[in-house]
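Undergrad: Here's the letter readout for the chains.
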Amino acid sequence: MAEIKRKNEKKKSQAGIAWDAVLTGISYMIPFIVGGGVLEGIAKAMGGYNIAADMAAVGDYTQYTLAMVVYAIGAAIFDVSVPIIGAYIGWALADKPGLAPGFAVGVISNTIKAGFLGAVIGGLIAGYITIWLKDLSKKVPTDVSSVFPILLIPVISTGVTSLVMWYIVGVPISWIMNIITGALTNLQGVGGFVFGAAIGAGMSTDQGGPISKAVALVANGLNADGILGPAACKMCGGMQNPLGVCIAQIIDRFTGKKKFTDKERSTTISGLVLACCYIQEYVIPFLVQDTWRCLVPCLIGGAISGGLCGYFALESAAVHGGVFVIAMMSNPLQFILFWFAGAIVTGTLYFLLRKPVDQEAEMAGNGVLDKLLG
Amino acid sequence: MAEKKYIVGVTACQIGIAHTFMAAESLTKAIEAAGCEAKIETQGATGMENVITDEDLARADAAIIAADIKIKNPERFDPIPTLSCRTKEVMTVETAAGVVEEVLEAIS
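Same order as they appear, the protein sequences are chains Y and A.
Heads up, the first sequence is in my numbering, so the first residue is -11 and it goes up one at a time.
Heads up, the second sequence is in my numbering, so the first residue is 27 and it goes up one at a time.
A hint or two may mislead.
[To be verified] With a straight-line Cα cutoff of 30 Å, these simulated DSS-like cross-link-like pairs (lysine-lysine) come out:
id	chain 1	residue 1	chain 2	residue 2
1	Y	251	Y	-7
2	Y	251	A	55
3	A	114	Y	343
4	A	31	Y	251
These are calculated hints, taken from the structure and not from any lab test.
Remember, it's a predicted structure, so these values are computed and weren't measured experimentally.
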């Protein structure tokens, strides 16, 4: 590539490349966990929270009720999410030949119960083995090199990666996953509060930036492994931020303090819509403009929302979707309550901390809102 | 006066609903502010939009790829000078202007 060398650029580290690959994998996995999770949630709303057990009792799938069929479809899509992340990590590293071994290792990861973590590590292994094989194919005589893409790479990369997963790498991972699953299933009370508060505050740091993404990654990953509590903490902690900022603006409007510009206050309604859609990015312009006064209230509110979800062990099958998936949570009313609890704290604190601004001042990055609302 | 330079680009963030489009907008503004023509493709959650075509590539002077994840069809940009960076580097018009300046310096 005719690459333009950046001034003062640090060479991209191997860890940086691997991290990008993991982000790519997650970005392709999200639609699967959203689709599968929401369908499972709808099925639970239709056929009761214990639908999985009822299905096992029925046994024969031709005898399923509609709710059971919807659940079965959701579960099937959900099961694919782990292989998909492996597949796209492999693809991100090694291009097309990396896709198959990544997918294979993800399937194996499901089989040996190494879950999401197994697929992430397996996908990386698949990618690097495939890169190595591709390099090797360039070094052998041309007669032989044509065999590489069509036969050797698919067979060796899928086989070797899967075997490595099964016998070596997967063993400690499934052991770790077992411990994590044990510790997080049935987690509630004070322990749950601390864990949930950490997730909620983490989601409220950079509003869609790298930190909240890393936190979301953990919660989504656990969700893909069937631990549904962190997703509720994550969504509650995340969704309280835009709502909190809107509440601050509403307080401002009614007290007549003019701490926000008219332009900012004109975004309140859009902000509420975005809050309902769980689009935290609404907060970014406020965070950029006045970092500390915005960040601290958000962190506190996030910890409260997330912590309360953890304390009462709320579960969410869906990892995205905002208000549209609240009905599918284990206790929708509690979720709404905790969401508002955090947001009211965030909003009140933010309002109190904020200094009156110059009414003529242009709000930074306002194009963001137009774009988000399309 | 020299002919107006044509700069194309791609933006892609992890989730693909907000940052991808924010980056595309500020990058477009920054390129136009530098007196060039701009076309930025977005690879967001809805797939590829405002796609950079072969015709665009044939007359493009440079490309900017601002992505946090692996983009689709990166090999398209092989023949032209290309700068790769993260989406956050072009998230505001001010930072994007710096990136555009680097590109213009490199191709002048």
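Undergrad: Each hint should be assessed against the structure and marked as holding or not.
TA: Verification of the hints:
1. With a C-alpha separation of about 41 Å, the suggested pair residue 251 of chain Y and residue -7 of chain Y falls outside the 30 Å cut-off, and the hint is violated.
2. The hinted pair formed by residue 251 of chain Y and residue 55 of chain A meets the criterion: a straight-line CA distance of about 21 Å does not exceed 30 Å.
3. Between residue 114 of chain A and residue 343 of chain Y the CA atoms are separated by roughly 27 Å; this keeps the pair inside 30 Å, and the hint holds.
4. Restraint check for residue 31 of chain A and residue 251 of chain Y: the C-alpha separation of about 35 Å exceeds 30 Å, so the hint is violated.
Checked against the numbered hints listed earlier, the structure breaks hints 1, 4; every other hint is satisfied.
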